[in-house]
Amino acid sequence: MRPGHRAFRAGLTAAVVAAGAGTLAGQSPPPSPPAPEVTTVLAEARVLIGRGKAAEAAAKVQALALPDDPNVALVLGVARYHADDPVRAIEVLTPAVPKLPEASVERREAVQVLGLALYVAGRIAEAIPFLEETGKWAADNLELAQVLGVAYLQTRQPEKARASLARTFDVPPESPAAHLLAAQLMIRVQRDDMAEAELKQGVAKDPTLPQAHYLMGQIAIFRARLDEGLAHTRREIELNPGNAMAYYQLGDALSRQQKWDEAVAALQRSLWINPFYSGPYILLGKAYLKKGDPATAEGMLRRAVQYDPNNRQAHFVLAQLLQQTGRTEEAREEFATAERLQDQEGR
Amino acid sequence: MTRSNGPQAKRRFAVACGPLALLLTVAAFRHAAYPASQPTSWPVSFVDVAKQAGLVHPSIYGGMDRKRFITETNGSGVALFDFDDDGLLDALVLSGTRLAEGSREDVSWPPGEAPTNRLYRNHGGGAFADVSAGSGLDRLGWASSVCVGDYDNDGRLDVFLTYFGRNSLHRNRGGGRFEDVTDAAGVGGQGTRWGSGCSFIDYDRDGLADLFVANYLRFDLAAAPEPGQGANCLWKGLPVNCGPKGLPTDTNLLYRNRGDGTFEDVSEPSGVAGVTGRYSMTAAAADLDGDSWVDIYVACDSTASTFYRNDGDGTFSDRSVESGLAYNEFGTAQAGMGLAMADYDGDGLLDVLKTHFADDIPALYRSLGRGRFEELAGVAGLAVQNRHVEWGAGLPDLDNDGRADVFYVTGNVYPEVEAQMPEYPHRGPRIVFRNRDGTSFEDATGRTGPGASAAHSSRGAAFGDVDNDGDVDVLVMNMNEPPSLLRNDYSGPNGWIQVKLRGRRSNRAGLGATVVVTAAGRRQARPVLSQSSYYSHDDLRLHFGLGSERRAERIEVLWPSGHVDVLTDVEGGRVLTVEEGADR
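Residue numbers (this note's numbering), protein chains in the order written: chain A, 1 to 347; chain C, 1001 to 1584.
Hints were generated in silico from the structure; no laboratory data involved. Built from N, CA and C at the ideal position, the CB exists for glycine as well. Some hints could be false.
[Claimed, not checked] Quick list of the computed label-pair ranges, beta carbon to beta carbon: (1) C:T1439 with A:A139: 55 to 63 Å; (2) C:W1109 with A:A231: 54 to 62 Å; (3) C:A1231 with A:A103: 31 to 39 Å; (4) C:D1106 with A:P172: 56 to 64 Å; (5) C:G1087 with A:T296: 55 to 63 Å; (6) A:P275 with C:A1231: 33 to 41 Å.
[Said to hold, decoys possible] So the derived list for chain A, only partly shown, Cβ under 8 Å to chain C, looks like this: (7) A121; (8) G122; (9) R156; (10) V171; (11) R256; (12) Q342.
[Said to hold, decoys possible] Straight-line alpha carbon distances no greater than 20 Å define the calculated SDA-like cross-link-like pairs of lysine to any residue that follow: (13) C:K1051 with C:S1453; (14) A:K200 with A:R234; (15) A:K53 with A:V38; (16) A:K290 with C:S1440; (17) A:K290 with C:L1368; (18) A:K259 with C:V1379.
Pulled out of the complex, with its shape left as it was, chain A reads as follows:
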């Protein structure tokens, strides 16, 4: 997973500041302190990084032309990392880390930023040792535990991932809740095969585990195992009859089977629980259109647009309806909106 990068870096800054807040016991002194003018530049660079001008900070430090000084390399690496250039951060931090004194604040910061840079660059397996080392002195850092958990997921180490994520959520690592939370994260990083296994373990330990059947249903439906998906979703509703998303998922699966009446009933229940969510309105729009009721379909789709004006799918399906009912100009406008939103999602 490529994390929410900027928020992630902001969190990192806090962690680094915390790590550097005091002198650590047993810390060795740095090999040779930088010259005063260098110290000034590094301090200014730190200020720039704090102000969100990391690229400017990197340029300033780079201009010192002291590539072999580990303290300079540290600040340069931190600046590059914050400037969304993890690859070049790795280049300078990798040789700097062994030059910094064991257990020094600088070493810890370098290890942490190197681990995070490797992680962001997708070199997950290489990142893990550095993140684990960071975890030794930042055991309470929940964000770090979460990152480490995802890193374990990416490298197919579900046991370690669950343990790390359990720490993040303050639940026992072998608990049903830990399995559920690990599965949620696995789904987010598109590892649904791992998630399915994790969910099965969770349900084996607690057959009434909330949300587990919903997620198993979600995966089964995605993989076109519709009957299985329906069974899981219905089981979730038995366990939690107030789960609007489960009704929505049920309506989704039924609409794929073109069981429009049943789908409409499920989607309506979803909206009776949570009327402010656009997804069921979109599916209801499709369902009513298929049932030959374009007026009701249009009402549903316009409600979807009202609640979620940036929902591309709502505009697209509404445009199709308008086109089918001969309102060409209105359809064109809705298609254009859908296309604009598609473009905004980016190439």
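Could you slot chain C onto chain A? The hints should help.
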């Protein structure tokens, strides 16, 4: 193809925050649909006979187990065409090359070992001879696609090839020789572009095949980042080659045939170059809106696919979104790569199949008539196969029952991913769906013989009756392997007919025509295409199954000139040549 952080990244488990995340999650699910039902009798079995037929040369395309750059991943097409007009389909298999280890320069191949394109002549009896040397088609480089047509109306099929590099037009001079007339014809383009799809198309109805050429994207190999070194260089968290997202798009080209061996670039005045922001791949030209003017449809990677509607006045309009051909049923862009056109529901209108990336499914666009389509892949049962990257595709009637089946080849673009995620294998099977009833399909992949289930990393595929035994065979390009020649050992009783066209007012090869056959109470339409599948060219003889019948009740030929020929009570079990105006 797509790729890192492409549609597959946002396809379903989109990483977002708040309520919208839930919306994206569930709504984006809408790819899956019916599981396969109980298997029924399926008398189709594919056997790979490439080796015994003599198709033995591998198509080299980038690294074997790791791809550093996107240019190594797309592979190339193949063609089945009768270049010597002896009634036997010959084979052209395109090839790429390879970068030197740790370098961005192509390998220098020892004399005689260069992986050039290969032209094989069909001698009949299941044997082909390699006639590449001296043919003019034996180029070395990063070949993309092939399209075939008779641009000079001399009765010999000519060839256009696209490249990451210089495209080339080859005039068939007879005797197995294809003269490179690119510069004289004025279709070489300027500088290094990444040619992708192409199609000969008579867009202005003057009886001459013009030429449409697509470009994938703008790519600077010297400046390209290494795998993992950028925002668009990760897939499911793993470092992979970068793109296409984040890389600049390019525009497409249209050349008008002047009739004197030269072409005029009309990309701008025709409106073709006005469509921007698309990663164009395979291009097919057929009359998709039934107005007798031949349109162009381009499968586009990670962006809206492009439907160029021929306005009949020398210009094209971008009707991608309004037609329903741009996106999937919920308006989401997909990674369009391969495409096929035929009439799967028996209403006499041309439908479209388009293939995509792993964790996605093909799009199946059912024609509603007058240039409007609805996307029904999930409802039609195509969602049960969703692990593989999908490439060359066809809608052949494999069992001659009068209904178009689905066939597509697979292969991942990230060979290195398999080691960490075995559920996304580098090499995949050839996917086969049997058309049940004209509305839905059942997965027959595991029941279509060893040639279908064998795993390869395939790209192009061409469909045609290679052994003239009355069923459709398939030629497949495999990355860094010899091609597969999948012989269809159909064992059922159904009848068939093949229709070959010869234009008079229309271009001689009949490109852009649509043939509608009625037999056994069913109608079925097929177009004559210069390119389809993935970067490939199919047999120009259109193959129709007749079910239990031995005769076609009616054959209607809708020529690109606007002329319509109608033949009735036509005997099957043969290749029928229809000359334009033959019904008079």
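Each hint, compared with the structure:
1. C:T1439 with A:A139: 55 to 63 Å: 59 Å, holds
2. C:W1109 with A:A231: 54 to 62 Å: Holds, at about 57 Å.
3. C:A1231 with A:A103: 31 to 39 Å: Given range 31 to 39 Å: holds, Cβ gap about 35 Å.
4. C:D1106 with A:P172: 56 to 64 Å: 57 Å, holds
5. C:G1087 with A:T296: 55 to 63 Å: 59 Å, holds
6. A:P275 with C:A1231: 33 to 41 Å: 38 Å, holds
7. A121: It holds, given that the least Cβ distance between A121 (chain A) and chain C is near 6 Å, below 8 Å.
8. G122: Hint on G122 (chain A): holds, closest Cβ of chain C at ~4 Å, below 8 Å.
9. R156: 6 Å, holds
10. V171: V171 (chain A) check fails; min Cβ-Cβ to chain C is 22 Å, beyond 8 Å.
11. R256: Result: holds, 5 Å to nearest chain C Cβ.
12. Q342: 6 Å, holds
13. C:K1051 with C:S1453: 17 Å, holds
14. A:K200 with A:R234: Distance ~16 Å between K200 (chain A) and R234 (chain A) Cα, so the pair holds.
15. A:K53 with A:V38: Since the Cα atoms of K53 (chain A) and V38 (chain A) sit roughly 19 Å apart, the hinted pair holds (cutoff 20 Å).
16. A:K290 with C:S1440: 17 Å, holds
17. A:K290 with C:L1368: 15 Å, holds
18. A:K259 with C:V1379: Answer holds: K259 (chain A) to V1379 (chain C) is near 11 Å, not above 20 Å.
The structure is inconsistent with hint 10 alone, although it conforms to all the rest.
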